[in-house]
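Engineer: Sequence:
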Amino acid sequence: MIDQQPGNNGEQPSRQQRIDSSLQPFTLVKYFSFSALGVFLIVTLFLSWIISNHARDVMLKQSEDYSLLLAENLNQQVFRRFVLPAVVRYGRIALRNPEQFEYLDRIVTSFVQGLAIDSVTIYDSSENVISYSTNEDLVGSRDKGGIEYDKALVGTTNSRFIYSGSVLSLLSSDASVSCQLKTFIPFRQVKESGEAGDVIMGVIEIVKDLSKDYTAILKLQSRIILVSSVIMTILFLVLRTIVSRAGKILERRTVERLRLEEQLNKSERLAHLGTMVATVSHEIKSPLGIVRSTGEILKKRIMKVAPGNENLAQIIVDETTRLNTIVTEFLDFARPQAPILKEHDIHTILNRAISFVRSMADNQKIQ
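For what it's worth, the working numbering labels the leading residue of the sequence shown as 13, then goes sequentially.
It is worth saying that the hints were derived from the structure and are not from the lab. In this text, a Cβ means the ideal position worked out from N, Cα and C, and glycines have one as well. Where hints are given, some of them may not hold.
What the hints assert, rightly or not - Simulated restraints on C-beta separations: (1) M288 to R334: 55 to 61 Å; (2) A106 to I237: 33 to 39 Å; (3) D221 to R118: 54 to 60 Å; (4) A128 to A106: 27 to 33 Å; (5) S122 to L249: 58 to 64 Å; (6) S279 to L353: 26 to 32 Å; (7) S223 to G158: 20 to 26 Å; (8) V317 to S279: 52 to 58 Å; (9) L272 to E295: 33 to 39 Å; (10) E308 to G286: 28 to 34 Å; (11) S45 to V267: 37 to 43 Å; (12) G50 to E273: 33 to 39 Å.
Modelling step: build the complete structure from the supplied sequences, incorporating the hints.
Structural biologist: Set out below in structure tokens:
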């Protein structure tokens, strides 16, 4: 039975499976690299967001400290330049008096000029009502102070941020970004030494516009996120290019290795086949030599007993010689030799063939 070589359709899936199996470790490394890069991207964006938020908090804290300093300075200015002179001149503080109100307004306006302060409001200490404000429409309004007024009235300085907008607001042309800082401090009497006294005469509210600073912080956040995203995208593209080239190189090397392995397997099979042929040929060569020697002896006897029929014995000798040559070639399987072409008489070859098959023809009664 002849073993058939598997065709291309039969061995292609097996070959592809071997290639995929060889590339599997590299595939795992590739997936791990991309997964790690994705994790790094998320962590980087998260850290960028934390850093930008921290920068915003620092900016707001500095603005809050600055507003508190302004409020305390305003407390000193109003008490020394308005309260004391007004008490000496008018005997008491009465902001309903247009002259006193205008005098206080000049002091406050000159103080806040060029400081990017939206408004200054002074609340009465006896009730939550606005006694003075740079925004005249608010004068006389009640219950505008809220919890911050109550805290300042008992001596606690506090602030509150009111802001709107985020990083996404910068992407929209219609969205507005605004930020206000409202600072509340108790309006205290000032001692001759310059220190604040214990008597609380009211509450001072300073509203400061921080829209420009807040917009700058949002732009900083967007830049950090954008730069981080661009850097990680570039790293992703570089890594993808490197991995793609490495994958192609590794695949070519794997295919070449499999091809060499197949050639090695074929060589090993041929070596085993040569060993088997050499063993069989060696076993055939000995009895073949005996047959040849017997044929030569038989030829000599026929020449004595029945001259003219020695060609039959000669055929045995020639065929055994030919078979011996073939067996020798099998033994030299590892070193195949080129065929040697010689001229022969066709009549001689035909006569030898007829003599070789004459006995079989006679048995079959063929003439």
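Engineer: Determine whether the Cβ-Cβ distance between V317 and S279 falls within the hinted range of 52 to 58 Å.
Structural biologist: holds, 55 Å
Engineer: Could you tell me whether the CB distance from A128 to A106 stays inside 27 to 33 Å?
Structural biologist: holds, 31 Å
Engineer: Using the Cβ atoms, figure out if D221 sits within 54 to 60 Å of R118.
Structural biologist: violated, 22 Å
Engineer: For the range 37 to 43 Å, tell me whether the beta carbons of S45 and V267 fit it or not.
Structural biologist: Given about 23 Å between the Cβ atoms, the range is violated.
Engineer: May I ask you to test the hint 33 to 39 Å on the CB atoms belonging to L272 and E295?
Structural biologist: holds, 35 Å
Engineer: Range first: 20 to 26 Å. Now tell me if the beta carbons of S223 and G158 are that far apart.
Structural biologist: holds, 22 Å
Engineer: Cβ-Cβ distance between E308 and G286: within 28 to 34 Å?
Structural biologist: holds, 31 Å
Engineer: Given the hint of 58 to 64 Å, is the C-beta distance from S122 to L249 inside that range or not?
Structural biologist: About 60 Å separates the Cβ atoms of S122 and L249, which means 58 to 64 Å holds.
Engineer: Can you let me know if the beta-carbon spacing of S279 and L353 is within 26 to 32 Å?
Structural biologist: holds, 30 Å
Engineer: Do M288 and R334 keep their Cβ atoms within the hinted range of 55 to 61 Å?
Structural biologist: violated, 22 Å
Engineer: Does the Cβ pair A106, I237 satisfy 33 to 39 Å?
Structural biologist: Given a distance of about 56 Å, which is not inside 33 to 39 Å, the answer is violated.
Engineer: Starting from the range 33 to 39 Å, see whether the pair G50 and E273 falls in it by beta-carbon distance.
Structural biologist: At 37 Å between Cβs, range holds.
The structure fails hints 1, 2, 3, 11 (numbered hints given earlier, in ascending order).
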